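Numbering (the working numbering), first residue to last: 1 to 206.
Mixed in with the good hints, there may be bad ones.
Stated by the list, open to error - Restricting the straight-line Cα-Cα distance to at most 25 Å, the calculated cross-link-like pairs of lysine to aspartate or glutamate (DMTMM-like) are:
hint	residue 1	residue 2
1	K163	E149
2	K163	D103
3	K163	E106
4	K163	D78
5	K163	D41
6	K163	D28
7	K163	E90
8	K163	E50
9	K163	D38
10	K163	D112
11	K163	D131
12	K163	D47
13	K163	E136
14	K163	D111
15	K163	D145
Everything labelled a hint here was simulated from the structure, so no lab data went into it. Please read these numbers as outputs of a predicted model, since none were measured by experiment.
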Amino acid sequence: MDERLPARLPSGDERDAAAARLSQARRDGRLVLAEFCDRIDAVYTADSIESLEQITTNLPAAAPVGISSPPVFSLFGDIVVSGRWRAGDEVRVRTVFGDARIDLAEAITDDDVLHVRCATTFGDVCVQVPDGVEVELTGLSVFGDRRLELAALPRIPGTPLIKVHASTIFGDVRVRSAGVPQAASVWRRAVGRLRPVPPEHPAPPT
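Between the sequences and the hints, there should be enough to build the whole structure, so can you do that?
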């Protein structure tokens, strides 16, 4: 007969205290945005005090080295920002005849609001965020579509607000969370349909 006591559920104060430790770890640069979101979500769904303790006891001791994010410009080329990088409170990207693709999954930010400012001419803007992050999208697109596609999840407490200001001329804007599949832009599909199909040559006789 198993006489072990049932696991004790964490109290609201204990969950909030664990969330505060994770928030401090994010501000210290010890947790990237996606991992922070995963751990915070686990804090508020933990079904025992032991599970809650495991979430906060294996935090990195020190912040890893990250890269800075100064204003970036590209002419006739794409800009891709991904992997572990330090976003700070603002990211600026400008391209002409090139796409701007920013992945915030492993971004390090210590602010409650992160501004992402993108401008492209003949290029798309694609910003990917972790699931459970709130996003505001502003800006203007001329001859291009704008889509904000986030997973149908409530905002995870403690996550920063992502403000994306994106302006394009002959380019689409797409902001999506990690759980939404990637898709080709509308104007690129149109250009693909206009490309001539190479003629088929008969195989040489054998």
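Within 25 Å, alpha carbon to alpha carbon, are K163 and D38?
-> Status holds; Cα separation ~21 Å.
Starting from K163, check that the Cα of E90 is at most 25 Å away, please.
-> With a Cα-Cα distance of about 9 Å, the restraint between K163 and E90 holds, given a limit of 25 Å.
25 Å limit on alpha-carbon distance, applied to hinted pair K163 and D28 | 21 Å, holds
Are the Cα positions of K163 and D103 separated by 25 Å at most?
-> 14 Å, holds
Taking 25 Å as the top limit, are the C-alpha atoms of K163 and D78 close enough?
-> 22 Å, holds
K163 paired with D111 [C-alpha distance capped at 25 Å] | 12 Å, holds
Would you check the hint for K163 and E50, treating anything up to 25 Å between C-alpha atoms as holding?
-> 36 Å, violated
Would you mind confirming whether the straight-line C-alpha gap from K163 to D47 stays at or under 25 Å?
-> Not satisfied, since the Cα-Cα distance of roughly 33 Å exceeds 25 Å.
Hinted pair K163 and E106, Cα distance within 25 Å = The given pair, whose Cα atoms are some 17 Å apart, holds under the 25 Å limit.
Agreement of K163 and E149 with the hint, judged by alpha carbon distance not exceeding 25 Å | 14 Å, holds
Mind checking the alpha carbons of K163 and D131 for me, to see if they're no more than 25 Å apart?
-> 15 Å, holds
Within a Cα-Cα threshold of 25 Å, do K163 and D112 meet the stated pairing?
-> Judged against 25 Å, a Cα distance of about 11 Å means the pair holds.
Of the numbered hints given earlier, the model fails hints 8, 12; all others are met.
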